[in-house]
Structure formats: C-alpha cells, structure tokens
Amino acid sequence: PGQLPSLEEDFQAIFAANGDTIPEDWLEQVRAETTKATTSSYDATTPKAMELYEKLKQYQSDFYSSKGVVSALVVEEKADNLVVRTYAEQNDTANCQAGSWTADWTVSSSQQVKGTVKIHAFCHEGATVQLLSSREFGPLTITNVVTQIEEWDQEAMDSIREMNDNMGDKLKSLRRVMPVTRTKMNWNVEGHRMVQLLGNTSKK
Amino acid sequence: MESTQESSTIKAALNILRRAPPADTENHLLNLQKLLSENPDALAELNRHIHFPLQTITDDGDDEPFLACSWNRLKDDTFQSPFSDDNTIQAHANELWKTYKQLYYGNGNAVSSVYVKDESENRTSYCFLLQNKKMDVGEWNSAHIVNVNPNTTTGVTTFCIQSNIMLSLGGDISAHISKETTTTATNSITAFQYMETIGPILERVETELRLQLENVHLPKLQNVIAKTRRKNMPKIKTIGMTHTDMLNQAVLARNAVLQKKEK
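As you go down the protein sequences, you meet chains A and B in turn. The numbering used here numbers the first residue of the first sequence as 1 and each following residue consecutively. The numbering used here numbers the first residue of the second sequence as 205 and each following residue consecutively.
Isolated chain A (complex conformation) (with noise of 0.2 Å):
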C-alpha cells in the first residue's frame, strides 16, 4: 500500500528510455484497483447482506480502526451466497512502512462459511523486508458469522506472531553467528593446510 506513486515515477523512467510513456489505460486500471481496496459497499437489496454489512462494521471497528489505518468491507449476493471482502491498510510513509490485511469470505445460505486471509508487510529502510502469508480457513457450518470471522482472523494474527518467535532459530540454522568453535576464522591459507596436514598424519 501507499506505494503506487512512486512505481509510477520508476515505471515512467524505464518507458522514457525506449522513448516511449507507460499506457494510460493500464495506468487507469491500477489506480482504479487501488481505489476500489478501500472502498467499502453492500448489496442495498438483499437484507441479509445489510444486516451482515452492519456487524462487520462494527467488527472492522472494533479491530482495524487504529490510528493511520484505512479499512473497507465489501458484501455482496452472488448466487445465493453471501461474498464478504474485509480490507485493511496502513501506510507509514515517514517510516517507510506499509501493511495490509485481506481477507474474502463466502458465506453460503446454509451458513458455510469459508475463506483466505491474506495479511501483508514491507518496510524498506536499511533493508527491504516483506512478510507475504496467505492462509485457509473452513468450510464450516456455522451459527455467528462474525464471531467466527474474529476467531479465524485471529488464528492467522496467532500463526504470524508464532513465525516471528521461531525466526531466530530459523536464521541460526541457516547462518550461524559464532562458528562452533566460538572462534573466529584464521584467513591464512598456509595455516589451514598445516592443520589439515597434522589430521592426516594424527589419522594415520
């Protein structure tokens, strides 16, 4: 999120080598995707989607309305099915950090619920990192869409918080800190083969 001006400056510089602009139309699609994220909308002519829209507000307030973030709900009937888009942004220019939380539900007229929570994270000062976690939820049956929503929502914000925990064993797995021997490394070639000598000749 909040990074669309900047590609465009980017993505103008490389069409303006081969002399050429970036297509308006692509460019109007884009901002248009990008606008429509934050938009929020209700099927005004079936009830239940009104009544559902109401709730996950309420929701959406209670959990994505801290300072300097944007949420939008999207709920629609399509095919006897209620479709549910919860979406959140956050956009820290200042710290050069950005992140999102996208989750799609369908709720069927059975009251089957299931869907995908998508949560995103970059930040590009000093290093460019980014958190990209996609994750599936039910089909369950259910009484309380929106409690269940809550509780699924939280289950991915429990996964991520639990990948951060074992991120340090992870990065010690792969590149330790201190060789075992808690020694640094002799760069002098002569000295390695000396020791490789003397283990062959102790082996022998």
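Think of the hints as simulated: they come from the structure by calculation, not from any bench. It is possible that some hints are incorrect.
Here chain A is said to cover these stretches of chain B; the calculated rule only asks that three of the stretch's residues, wherever they fall, bring their Cβ under 8 Å from a Cβ of chain A [what the hints assert, rightly or not]: (1) 240-252; (2) 415-424.
Across the chosen pairs, the derived CB separations fall in these ranges [unchecked claim]: (3) B:Gln284 - A:Ala79: 54 to 62 Å; (4) A:Arg193 - B:Asp280: 34 to 42 Å; (5) A:Pro139 - B:Leu451: 56 to 64 Å; (6) B:Asn231 - A:Glu33: 17 to 25 Å; (7) A:Lys184 - B:Asn427: 31 to 39 Å; (8) A:Asn18 - B:Asp280: 25 to 33 Å; (9) B:Asn355 - A:Asn166: 47 to 55 Å.
Here are some chain A residues pointing at chain B (derived, C-beta under 8 Å) [unchecked claim]: (10) Leu4; (11) Thr116; (12) His124; (13) Pro179; (14) Lys184; (15) Trp187.
Even glycine gets a Cβ: it sits at the ideal position worked out from N, Cα and C.
Based on the hints, put chain B in the right spot on chain A.
Leaving out everything else, chain B in the frame of chain A:
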C-alpha cells in the same frame, strides 16, 4: 547525457525490484529485461547490479556443485566453474571460502564459490558466492563483489566491497540487505595475501548484516501487522489515575481561591 539517463533508468529498475518480494526477483527481472530489451546498454548495466537468484550447478567433471550468477555466465549461456580454471589465486580463494562456509554454514547443503577476474593490468575483481538451503526453514544467499585496485603512485591497494544478502524464511518472509565497505592495505602484500584482508571483512559484514536482519529489520514486520490489526481496548481508569485526577482538581481549586484573594 546518455549516461545520466541510463543511471536514472537503472535506479528506477532497482527501485521496482526493491519493492517486489525478493522471492519474486527472478520473475520481475525477466519482465524488466523485456521492457529494456531495446536498450542493450541499460540492460547490461542492470544485469551487473543483479546477483540473485543464485543457481546451484553440478558439472559431470566436478566433484562439488558450484554457484552461478550473472558474474560467471559465459557467452553461450553456460556458466564457468570455479574448479575448471588454472587460476591458482582463484583456487586459493575457493579453498579459504569453503573453510569459512563449513565454520558458519555447516557441512550440509551449503555451497560456496569464488570467481576471480583480471580486469586490467593491475585491477582484479572477486565474486564470493554462498548459498544454504534447508527444507522447511528457508534459504540464505550471499554475494560479495570485491574490486582490488593497487595504486603504484600512493603505494596503497584499495579494496571496494559490495555485499548483498538475500534471505527467505518459511516461504512467507523474504529479505534483502546490502552494504558497501572500503579498506586499504600497502602495495607490499601479494595477490595471494589479498584474502587475509578481504576475508575478515566478509566475515564481519555477513555477521553484522545477519544480526541486523534478526534484531532490527525482520521484527518490524510483526510491528506493522500489529498496527494494522489491533483490538481497541476501552479506557479503564485505575485507582492511581483517579487519585491523580482528584489531586489535580484540588490544586486547581486552591489556585482559583488564591487568585480571587489577590484581586
């Protein structure tokens, strides 16, 4: 003018790659190369800046696998092996880099390779590559480009080192960090002794960047998500806060009385 435009094009391409998930670098690089296909100079310059992804190659004639990147790509799109050359300085560097690999990355899946190029009569370039892949854990890739430039006038040899690390953890997290370092030594050291200067710097820089990723940059991701999704808690007044309020009101009331008396 042309080189200014070229450098702004490369800067723009690197900015785009920096914003993309590092795990998708190869895909985005291919697409950027297509966009720049009519500009061979810009394309060549872009390829010089990109060292990842590293490929592991096993040649029939070699005992060990080696790593490949744009640095050791040959004209027929094959890759030069670090073992096939008669270059004794390259062999010496590979021997030391392998020992370093064993100390810090273990004897498992890690692969190391060093390539040495004579750029001109005096100048030499080194490319140090390291990769460690572990299933269910992730992947560590490092690429260090070292330019060695002896100056016969000053009697000083300058080592310019560009270090890049690309890391992926658990399939969901990816990171890219880089650092430039410069150091000098007297011209009295021989090419065989260069590793005694270069090696400790690479060791220090890799450890430093690894710790920065672990302690500074990767934890930021958790903070970003925690800021995006956070339950709003109702404000609960503690006993201490209530007492503070009462004291404040008492002081304000006394001040109001005193001001009235003065008038």
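These are the hints, each one checked on the structure:
no. : hint                            : in the structure
1   : 240-252                         : holds (count 4)
2   : 415-424                         : holds (count 9)
3   : B:Gln284 - A:Ala79: 54 to 62 Å  : holds, 58 Å
4   : A:Arg193 - B:Asp280: 34 to 42 Å : holds, 36 Å
5   : A:Pro139 - B:Leu451: 56 to 64 Å : holds, 58 Å
6   : B:Asn231 - A:Glu33: 17 to 25 Å  : holds, 20 Å
7   : A:Lys184 - B:Asn427: 31 to 39 Å : holds, 33 Å
8   : A:Asn18 - B:Asp280: 25 to 33 Å  : holds, 28 Å
9   : B:Asn355 - A:Asn166: 47 to 55 Å : holds, 49 Å
10  : Leu4                            : violated, 10 Å
11  : Thr116                          : violated, 14 Å
12  : His124                          : holds, 6 Å
13  : Pro179                          : holds, 4 Å
14  : Lys184                          : holds, 6 Å
15  : Trp187                          : holds, 3 Å
Violated hints, in rising order: 10 and 11; the structure is consistent with all others.
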